[in-house]
Amino acid sequence: SASGQTSWADYVDTRFFYGLVAATLLIVAVGLVDDLTSMRGHFKLVGQLLGVCVLIFYGNLEITKFKLMGATFEFGGSWVAIGCTMFWLLGASNAINLIDGIDGLASSVGFVLCLAVAALTAYLGNYPATLIMLAMAGALFGFLKYNFAPASIFLGDAGSMFIGLVVGAVAIHQNLKSAATLALAVPV
Numbered sequence: 454s455a456s457g458q459t460s461w462a463d464y465v466d467t468r469f470f471y472g473l474v475a476a477t478l479l480i481v482a483v484g485l486v487d488d489l490t491s492m493r494g495h496f497k498l499v500g501q502l503l504g505v506c507v508l509i510f511y512g513n514l515e516i517t518k519f520k521l522m523g524a525t526f527e528f529g530g531s532w533v534a535i536g537c538t539m540f541w542l543l544g545a546s547n548a549i550n551l552i553d554g555i556d557g558l559a560s561s562v563g564f565v566l567c568l569a570v571a572a573l574t575a576y577l578g579n580y581p582a583t584l585i586m587l588a589m590a591g592a593l594f595g596f597l598k599y600n601f602a603p604a605s606i607f608l609g610d611a612g613s614m615f616i617g618l619v620v621g622a623v624a625i626h627q628n629l630k631s632a633a634t635l636a637l638a639v640p641v
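Position one of the sequence shown corresponds to residue 454 (the numbering used here), numbered consecutively onward.
Hints may be right or wrong, so weigh each one.
Claimed, not checked - Pairwise CB distance ranges (calculated):
#1 Pro603 <-> Asp488: 25 to 33 angstroms
#2 Thr525 <-> Ile606: 23 to 31 angstroms
#3 Phe594 <-> Ser531: 37 to 45 angstroms
#4 Tyr580 <-> Asp488: 27 to 35 angstroms
#5 Glu527 <-> Ser605: 34 to 42 angstroms
#6 Val474 <-> Phe496: 22 to 30 angstroms
#7 Ala482 <-> Leu597: 19 to 27 angstroms
#8 Ala475 <-> Leu551: 46 to 54 angstroms
#9 Leu489 <-> Gly578: 37 to 45 angstroms
#10 Val499 <-> Val474: 18 to 26 angstroms
#11 Leu597 <-> Gly529: 20 to 28 angstroms
#12 Ser605 <-> Lys518: 23 to 31 angstroms
Just so you know, the hints here were simulated from the structure itself, not pulled from any lab data.
Here a beta-carbon is modelled for each residue, glycine too, at the ideal position from N, C-alpha and C.
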């Protein structure tokens, strides 16, 4: 800022933040329609793809490289990068969605994921991402009281896809894909 002090705006990647908000609103809307009407799978996938595309193009989010067994694969700004990003975000949102069949499982896993990503983002000094993850962890912790067996409230597709999308997006944004991959793969 002009006064030499660091402001909140200096930390926030506003394009990513607004893209994340728009994408999550779309994903939650798709999930709500599915929860209320039992939407067919291919319509749900189209809705998820629209949300992911909003996040990629509006939120400027893309996987440009990844490491596998010591080898680094770089994509730059290619269509391969966009495809990998879409695959990652769809996989993350559906990974949580797939484990939402047992009372308390998806919300417990989401809680642990959010805390783990919050710790990593705090370590990296990205405090806005840390606050997003801590807010989600706090909401999930409060929700767990009502979601353990016998559950009186459920995440549904709206909640479970929301958790997966946000965790997946923050992991890409902060280059935490390897840590998040392990955390997302464990429940699956």
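* Is 19 to 27 angstroms right for how far apart the beta carbons of Ala482 and Leu597 are? -> With Cβ atoms ~25 angstroms apart, the hint holds.
* Pairwise beta carbon distance, Ala475 to Leu551, judged against the given window 46 to 54 angstroms -> 25 angstroms, violated
* Does 22 to 30 angstroms hold as the CB distance between Val474 and Phe496, or does it fail? -> Cβ of Val474 to Cβ of Phe496: about 23 angstroms, so the range 22 to 30 angstroms holds.
* **Outcome of range test on Cβ distance (Val499, Val474; 18 to 26 angstroms)** => 21 angstroms, holds
* Take a look at whether the Cβ-Cβ distance between Leu597 and Gly529 falls inside 20 to 28 angstroms. => 42 angstroms, violated
* Asked: Cβ-Cβ distance between Pro603 and Asp488: within 25 to 33 angstroms?
  -> About 19 angstroms separates the Cβ atoms of Pro603 and Asp488, which means 25 to 33 angstroms is violated.
* Satisfaction of the hinted span 23 to 31 angstroms by the C-beta atoms belonging to Thr525 and Ile606 -> 44 angstroms, violated
* Asked: Does 37 to 45 angstroms hold as the CB distance between Leu489 and Gly578, or does it fail?
  -> Holds: the Cβ-Cβ distance is about 41 angstroms, inside 37 to 45 angstroms.
* Take a look at whether the Cβ-Cβ distance between Ser605 and Lys518 falls inside 23 to 31 angstroms. => Distance hint for Ser605, Lys518 is violated at roughly 45 angstroms.
* Asked: Okay, Glu527 versus Ser605 on CB: inside 34 to 42 angstroms?
  -> 49 angstroms, violated
* Distance restraint evaluation - Phe594, Ser531, Cβ atoms, bounds 37 to 45 angstroms -> 40 angstroms, holds
* Should the hint that Tyr580 and Asp488 are 27 to 35 angstroms apart at their CB atoms be regarded as holding? -> 33 angstroms, holds
Hint compliance for this structure: hints 1, 2, 5, 8, 11, 12 are not met, and every other hint is.
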